[in-house]
Each structure stands twice: as C-alpha cells, then as structure tokens.
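Going down the list, the protein sequences come from chains Y and G.
Counting in my numbering, the first sequence runs without a single skipped number right up to 299 at its last residue.
Counting in my numbering, the second sequence runs without a single skipped number right up to 428 at its last residue.
None of these hints come from the bench; they were simulated from the model.
Heads up, some of the hints might be wrong.
Among chain Y residues calculated to face chain G with C-beta under 10 angstroms, some are [stated by the list, open to error]:
{"no.": "1", "residue": "I29"}
{"no.": "2", "residue": "D158"}
{"no.": "3", "residue": "D192"}
{"no.": "4", "residue": "D212"}
Output of the computed footprint for chain G on chain Y, the stretches with three or more beta carbons under 8 angstroms from beta carbons of chain G [stated by the list, open to error]:
{"no.": "5", "stretch": "167-177"}
{"no.": "6", "stretch": "275-282"}
Output of the computed footprint for chain Y on chain G, the stretches with three or more beta carbons under 8 angstroms from beta carbons of chain Y [what the hints assert, rightly or not]:
{"no.": "7", "stretch": "308-319"}
{"no.": "8", "stretch": "342-351"}
This one's a predicted model, so the numbers in the text were calculated from it and none came from an experiment.
Where is the CB? At the ideal position from N, CA and C, for every residue including glycine.
Okay, here's what each chain looks like letter by letter:
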Amino acid sequence: MIEVEGVSKQFQELEALKDVSLSVHKGSIYGLVGSNGAGKTTLLKLLAGIYRQNSGALTIDSQPVFENDAIKTRTAFIPDLLYFFPNFSVQDVAHFHAGIYPQWNQARFEKLRSVFNIEVKRRIKTLSKGMQRQIAFWMSLALMPDVMILDEPIDGLDPVMRQKVKNLIIQDVAEREMTVMISSHNLRDLEDICDNIGILHQGEMLIQKDLDDLKADVHKIQIAFSGDVPPTLLQDMPALYQEKRGSVLILIVRGVYEDIIRSMQSYHPAVLDILPLTLEEIFIYEMGDHGYEIKNILY
Amino acid sequence: MFELDLRSRAPMYEQLVEKIKELIINNVLKPDEQLPTVRVLAGELTINPNTIQKAYRELEHRGYIYSVPGKGSFVRPAVPGNNAARLRILEKELSIIVTEMRYLGAPPQEIITRIKTQLFKDEGGNVDD
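Generate coordinates for the entire structure from the input sequences, incorporating the hints supplied.
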C-alpha cells in the first residue's frame, strides 16, 4: 500500500532523511518512533504529499504521492501543528472538508458528534488545544480516508478521549482496511495499536519490524547466583546492556527465548527470570547501541 | 468477553492466545462454539485486528480452534496432541511452586494432598490440560 524506497530529503545543508525505505501493507498500523529531530515529521510530510523528496521513490497504491490529488483526497493527514482558518466554526470546517474530499460522509460526521460532544457552532479559536485535536480527528474520520497519517496525534488528548480515538481508528482498520502511519513519543500508546514499528535516528531507519517479533527478539534477564557470577557467562551471552543491582545481574540480550534459557540454566543460577521488554525499553537500548545513551551528565 | 492487561510486558497476541486457551480449557467456550470475529474483537478490545488474526492463527496451529472459510473460527472439540513443549514449561512452573511451598514451611504431605485433591476434582475433565 505505502512504499518508500531509498528516499532522501535535504533542506539546504541539513540531511533530514538518508536513504529511508519502508513498506506498509493495506490494513496495517505502522508506528514511527525516533529521537527528536530524527526526521519523523519530514517523512510523514513526504507521505502526505507536502514535501518532495530529493531522491528515491514514494508511492501509495503504486502512485507517486507528491501533489497527486487522487491520492490526497483519500488521505487524512493530521500534522503536529494544527491549522484552522481564522474565525471558522466547527461547522465551517466540516463544510470546507466536504467540499474538498469526495468521500466525505455527512452521516458519519453527524454520528461522531456524540463522541466528540463539541458544539458545532463554536469557533475553533475558542476551543482548547485538546479540543482542537479532537476536531482534527472528527474531520479526518468523517472524510472516510483509505490512508491516515498522524504526526504525534494523541498528545494533548485526555485519557478517555485517547481511548475513544484509538478505538475509532481500530474500527476503521478492521472494517474498511484503512492503513495508518502514526508517529509518537508515547511508546505505550503505540504498543497497543501498532503491528509494525520503525525506529528512525538521525535521518536513518535503524530497525523495522513486526512489533511482536521485535519483542520476541530481545529479552531482559535477571539472574543471581548463590556464589560469584561465572566469568564465562558474559562471553557466552553478549549483552546489549548489563547492570548489577546488589547480587542480581540484569542483562539485555538478543536471541531466541529457548536458547537463552537453556544456556543460562547451564550455569545453575539461584534465580533466573526472563522478561519480554516493553517498547520503551527496546527503544532506549537500541538507541544506546547507536551512541544515543542516557548518561548522568550533571551529577 | 474478556480484558487484556495493556501494561503487561507480554506481547499482546501471546496474552490473547493464553486468555482464549484458558476459556477453552475451563469450558467457558464450548466445543464448536464460534469465537468472536476479528473485527468485533478488535473493536471491543481496541487492539489491532492483525494482532488478533495472528493470535487466532496461533491457536489454530496449536489445535485449540479451527476455522471455516467465510464463517469464522470455532472451538475444536478434541484435545490437542502436540503439547510436549508446553508441558515441559508447566512442569518447571510446578517445581517452582513446590520449592516455594517447601521453603515457606508447607509439609510434603500437605502438598501431595493438595495435588491429589486437584486431580480428583478434575477427574472426568481433561487431565492433560
């Protein structure tokens, strides 16, 4: 559905994206994470057809995206900074969308009123930041998009609204096979709804994987011995990260669960726990592996 | 139908597999009963439909459910045969429980009695489970 091949984008001297490739299947939810300034917004704006790449190919349904009206009318894009016309009311915004997007569904717009519960006569500029986000979702869902591109969309929404919005998106994915590309720093939120994850860092794609595979691939081991730690253990099991807390050794290792458990048990530990990592932990350790670590600099 | 622990570390599809398996083993989901469709469950739990699809495939692979094209997934009546790997894990868990009970001072006789009571209670059900 969405294909990105070897895309690079420069802004004068700045190389925002370097040779990025990815592909998202129809009906899939792809989560884009990365350090600040990694190029997430640039990538999403390329996908929304707002920027043009310097090199590489970028297609949705095998069609190039840039300034392609046919694709853009089927795409909903919620940018990180929202823009509404001055003095527009909710109704005016809906009317404007209805005139532009041929798939606009007025009945759905009316129905969603009960979810968002905002008076349609109110002017957008009188609404709070979170409510303006809700308006963006309301419009995006009513225009029946085939592709949804969301740049840090749930920031500023309250927990109830977050859950509601996620649920609405999931329903569209399940019922109409909508394809979603979503960037966020809230990894907890991504973990629930994404099936694929890509990690960007300094304009390059570090890892791209099925979320469950990504989780099955890295493990957190808590191991303790009644005596000293066997010296060969760490050579046996190269760790992405290690830490000793009291008598417990904490290791982050890559590999297959069964292999790790077998090799650890051969040392006869007193305590052995193998835990899957959260997406947040995977992110931190992978970044640490690429020189983007958490260090105590001030103290 | 059920809730998942969104804060758990375990991958979502694994949690789904375990939950549904539990419902089948405890006879809450009866043999040949239809499971909710992927779409319905996705909407109910706010979980990616692809994740649910994956869990259903895994359950089918392990022999707990079967699918009828165009109709959906159903609980398989027969007891799955290929569960040697799972049994090994359960044996390990049992040994951890027994060790801890011993450490906390439970007399061996009591542990044995408890296991016997459990076995007796389950008689007539699927002892393999």
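Results for each hint:
For I29/Y, the interface hint holds, since its Cβ comes within 10 angstroms of a Cβ in chain G; the closest pair sits about 6 angstroms apart. Interface restraint check for D158/Y: the shortest CB-CB distance to chain G comes to about 16 angstroms, outside 10 angstroms, so the restraint is violated. With its C-beta approaching chain G no nearer than about 6 angstroms, D192/Y sits inside the 10 angstroms limit, and its interface hint holds. With a least beta-carbon distance of about 5 angstroms to chain G, the hint placing D212/Y at the interface is held under the 10 angstroms criterion.
Taking a C-beta to C-beta cut-off of 8 angstroms, the stretch 167-177 of chain Y contributes 6 residues in contact with chain G, enough for the three needed, and the coverage statement holds. Closer than 8 angstroms: that is the beta-carbon criterion, and the stretch 275-282 of chain Y has 4 residues meeting it against chain G, so the requirement of 3 holds. Given a C-beta distance limit of less than 8 angstroms, the hint that chain Y covers the stretch 308-319 of chain G holds, as 6 residues qualify and 3 suffice. Check result for the stretch 342-351 of chain G against chain Y: holds, 7 residues qualifying (beta carbon to beta carbon below 8 angstroms, three or more required).
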